[in-house]
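Could you put together the complete structure from these sequences and hints?
Going down the list, the protein sequences come from chains X and E. Take the position in the first sequence, starting the count at 1, then add 11; the result is the number in this note's numbering. Take the position in the second sequence, starting the count at 1, then add 45; the result is the number in this note's numbering.
The hints are simulated quantities; they were obtained by calculation from the structure and are not laboratory data. Just so you know, even glycine gets a beta-carbon here, dropped at the ideal spot from N, CA and C. Keep in mind that a hint or two might mislead.
Stated by the list, open to error - Examples of chain E residues toward chain X, derived with CB under 8 Å:
id, residue
1, Tyr67
2, His87
3, Pro88
4, Gln93
5, Phe133
As the list claims (entries may be wrong) - Which bits of chain X does chain E cover? Going by a derived footprint, with three or more residues having C-beta under 8 Å, they are:
id, region
6, 49-55
7, 116-126
What the hints assert, rightly or not - Cβ pair distances, simulated, as ranges:
id, chain 1, residue 1, chain 2, residue 2, range
8, X, Asp76, E, Tyr140, 14 to 24 Å
9, E, Lys141, X, Val14, 15 to 25 Å
10, E, Thr146, X, Asp120, 17 to 27 Å
11, E, Lys141, X, Ser26, 23 to 33 Å
12, E, Lys101, X, Asp76, 24 to 34 Å
13, E, Gly138, X, Glu63, 14 to 24 Å
14, X, Ser16, E, Lys151, 24 to 34 Å
15, E, Arg105, X, Asn81, 38 to 48 Å
16, X, Tyr113, E, Thr127, 19 to 29 Å
17, X, Phe50, E, Lys151, 32 to 42 Å
18, E, Glu60, X, Asp120, 26 to 36 Å
19, E, Val58, X, Tyr113, 28 to 38 Å
Spelled out from the first residue to the last, the chains are:
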Amino acid sequence: GAVVSQHPSRVICKSGTSVKIECRSLDFQATTMFWYRQFPKKSLMLMATSNEGSKATYEQGVEKDKFLINHASLTLSTLTVTSAHPEDSSFYICSARGSGGYQPQHFGDGTRLSIL
Amino acid sequence: GQQVMQIPQYQHVQEGEDFTTYCNSSTTLSNIQWYKQRPGGHPVFLIQLVKSGEVKKQKRLTFQFGEAKKNSSLHITATQTTDVGTYFCAVSGTYKYIFGTGTRLKVLA
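So, in structure tokens, the structure goes:
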């Protein structure tokens, strides 16, 4: 089946640090990748949609200068949390889907970000 | 904007009992997907429904899409401890997905 690798799985860092999270589709070409944020015991909140070679589409209320997304190739998207603060602590999950019709999403394992 | 509600929010069942979660949309849907997220894990795709009134089965799981394509249900027969997790429905738009609020299932052995 389709595999999506997300790295790192866990980050603990000081306030003010920028953190980069990578999302790779290992065995398929992901025309679209999605970045979600999930609070404990809550649903997935879509942050942005990323298409290869174009600017990401951010959801309302998500600061694009705070959460930088780059989709450099059909297999790689990155999310950079710039100048992270404690309120940015959360579980971030990426997903990827192929092209054509209604495709299912394949999720990475997620990154647990803790800002001290 | 489009809202996708799931009920119940939580469900505790005794092992062997049945379980159902319902997904309701404020708008007519083109399709609906179901995902399962185990505690500490990531969502895993279960199934997709496209046709009005469609019913699909996966072993003990039965998925149904409403006739009006505004709601869907997931039914688990004779739950097992391995069924523990949160079940999400997700509706697909042109370029993005909207996830339901989720139903967290606990199965007591």
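Legend entry - serine 16 of chain X paired with lysine 151 of chain E, Cβ distance criterion 24 to 34 Å: holds, 30 Å
Inset, instruction - Would you check whether phenylalanine 133 of chain E satisfies its interface hint, that is, whether its CB is within less than 8 Å of any CB in chain X? - result: holds, 7 Å
Legend entry - chain X contact restraint on proline 88 of chain E - CB to CB distance below 8 Å: holds, 5 Å
Inset, instruction - Check whether three or more residues of the region 49-55 of chain X sit with their beta carbon closer than 8 Å to a beta carbon of chain E. - result: Contact hint for the region 49-55 of chain X vs chain E: holds, 4 residues under 8 Å.
Inset, instruction - Just tell me: holds or violated, for the beta carbon distance of aspartate 76 of chain X and tyrosine 140 of chain E against 14 to 24 Å? - result: With Cβ atoms ~22 Å apart, the hint holds.
Inset, instruction - Using the beta carbons of valine 58 of chain E and tyrosine 113 of chain X, state whether their distance is inside 28 to 38 Å or not. - result: Hint holds: Cβ distance 31 Å, inside 28 to 38 Å.
Inset, instruction - Starting from the range 15 to 25 Å, see whether the pair lysine 141 of chain E and valine 14 of chain X falls in it by beta-carbon distance. - result: At roughly 22 Å between Cβ atoms, valine 14 of chain X and lysine 141 of chain E fall inside 15 to 25 Å, so the hint holds.
Legend entry - phenylalanine 50 of chain X versus lysine 151 of chain E beta-carbon gap, inside 32 to 42 Å or not: violated, 19 Å
Inset, instruction - Using 8 Å as the Cβ threshold, decide whether histidine 87 of chain E counts as touching chain X. - result: holds, 4 Å
Legend entry - Verdict for threonine 146 of chain E, aspartate 120 of chain X (Cβ pair) under range 17 to 27 Å: Given about 23 Å between the Cβ atoms, the range holds.
Inset, instruction - Using Cβ atoms only, decide whether glutamine 93 of chain E comes closer than 8 Å to chain X, and label the hint accordingly. - result: Cβ of glutamine 93 of chain E sits 6 Å from chain X, so the hint holds.
Legend entry - Assessment of proposed distance window 23 to 33 Å (beta carbons of lysine 141 of chain E, serine 26 of chain X): 31 Å Cβ-Cβ, so the 23 to 33 Å window holds.
The structure is inconsistent with the numbered hints 1, 12, 17, although it conforms to all the rest.
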